[in-house]
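Enquirer: This is what each chain is made of:
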Amino acid sequence: KQEVTQIPAALSVPEGENLVLNCSFTDSAIYNLQWFRQDPGKGLTSLLLIQSSQREQTSGRLNASLDKSSGRSTLYIAASQPGDSATYLCAVRVGGSNYKLTFGKGTLLTVNP
Amino acid sequence: NAGVMQNPRHLVRRRGQEARLRCSPMKGHSHVYWYRQLPEEGLKFMVYLQKENIIDESGMPKERFSAEFPKEGPSILRIQQVVRGDSAAYFCASSPPEGRYYEQYFGPGTRLTVT
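Chains as they are written, first to last, in this note's numbering: chain A, 8 to 120; chain B, 564 to 678.
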């Protein structure tokens, strides 16, 4: 059974700092991995999708890496801003039922001005 | 193009009542997914539907829960005889019909509180 763990559960940093969020998964036979952002009272917003054959994806100040063999992914946020404050969720899809996302519990990020 | 719509956004029910949660997918999307987020837990897959068909309901509790996605109208998640443990945020997502499952767009969720 696939399990996804995110560390840390919460993180507070000053504005401008670079930071890394971690995600690990128990079954390396994933189809792809996706990072989302969840704002209070709102739905999830997709940030980055990494296919199982890829090692990383970049979008603006965000960079996500994937190491399938070790079951790890990281989300790197450069030059953090108060507007980055949100919960960041990592989710994986497993081949065979690749419509189904298995989520971690998330990392609550607070960026202080 | 409006996003995924869910209503109501907040729903309060007493134990034993029924809860009906609605999800209108994005225009042109014919695949709908329901996820539940219990307090302090990650989102958990419940059910995957296409128009008039349940494709996978492996994550849905066997009793009291049902889901439908009729030919016309929104998808409905129905919870009968609610209990306090059903209190959670219920999220709906939709994706295009061409099998692009990774393009799941999420709605804002319905927060169900059972008193």
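Since the hints were derived computationally from the structure, they do not count as laboratory data.
Any given hint might turn out to be false.
[Unchecked claim] Computed cross-link-like contacts, BS3-like style, restricted to lysine-lysine with a CA-CA straight-line distance of at most 30 Å: (1) B:K590 <-> A:K8; (2) A:K75 <-> B:K590; (3) A:K49 <-> A:K8; (4) A:K75 <-> B:K634; (5) A:K8 <-> B:K625; (6) B:K625 <-> A:K75; (7) B:K607 <-> A:K8; (8) A:K8 <-> B:K634; (9) B:K607 <-> A:K49; (10) B:K607 <-> A:K75; (11) B:K614 <-> A:K75; (12) A:K8 <-> A:K112; (13) A:K112 <-> A:K75; (14) A:K112 <-> B:K634.
Enquirer: Hints first: check each against the structure and report whether it holds.
Expert: So, going through the hints one by one against the coordinates:
Distance hint between B:K590 and A:K8 is unfulfilled; the C-alpha atoms sit about 34 Å from each other, more than 30 Å. For the hint pairing A:K75 with B:K590, the CA-to-CA distance comes to about 35 Å; that exceeds 30 Å, so the pair is violated. For the hint pairing A:K49 with A:K8, the CA-to-CA distance comes to about 29 Å; that is within 30 Å, so the pair holds. Simply put, A:K75 and B:K634 have alpha-carbon atoms about 40 Å apart, too far for the 30 Å limit, and the pair is violated.
Proximity of A:K8 to B:K625 is assessed by CA-CA distance (about 20 Å); at most 30 Å being required, the pair is judged to hold. Restraint check: the Cα-Cα separation between B:K625 and A:K75 comes to about 34 Å, which exceeds 30 Å; the hinted pair is violated. Between B:K607 and A:K8 the CA atoms are separated by roughly 13 Å; this keeps the pair inside 30 Å, and the hint holds. A distance of roughly 34 Å separates the Cα atoms of A:K8 and B:K634; the hinted pair therefore is violated under the 30 Å criterion.
Using a Cα cut-off of 30 Å, the hinted pair B:K607 and A:K49 holds, with the two alpha carbons roughly 17 Å apart. Note on B:K607 and A:K75: the hinted pairing holds, with a Cα-Cα distance of about 22 Å set against a maximum of 30 Å. At roughly 35 Å between alpha-carbon atoms, B:K614 and A:K75 are farther apart than 30 Å, so this suggested pair is violated. Between A:K8 and A:K112 the alpha-carbon distance is near 16 Å, which keeps this suggested pair within the 30 Å criterion.
Straight-line distance between C-alpha atoms of A:K112 and A:K75 comes to about 20 Å, which keeps the hinted pair within the 30 Å bound. A distance of roughly 34 Å separates the Cα atoms of A:K112 and B:K634; the hinted pair therefore is violated under the 30 Å criterion.
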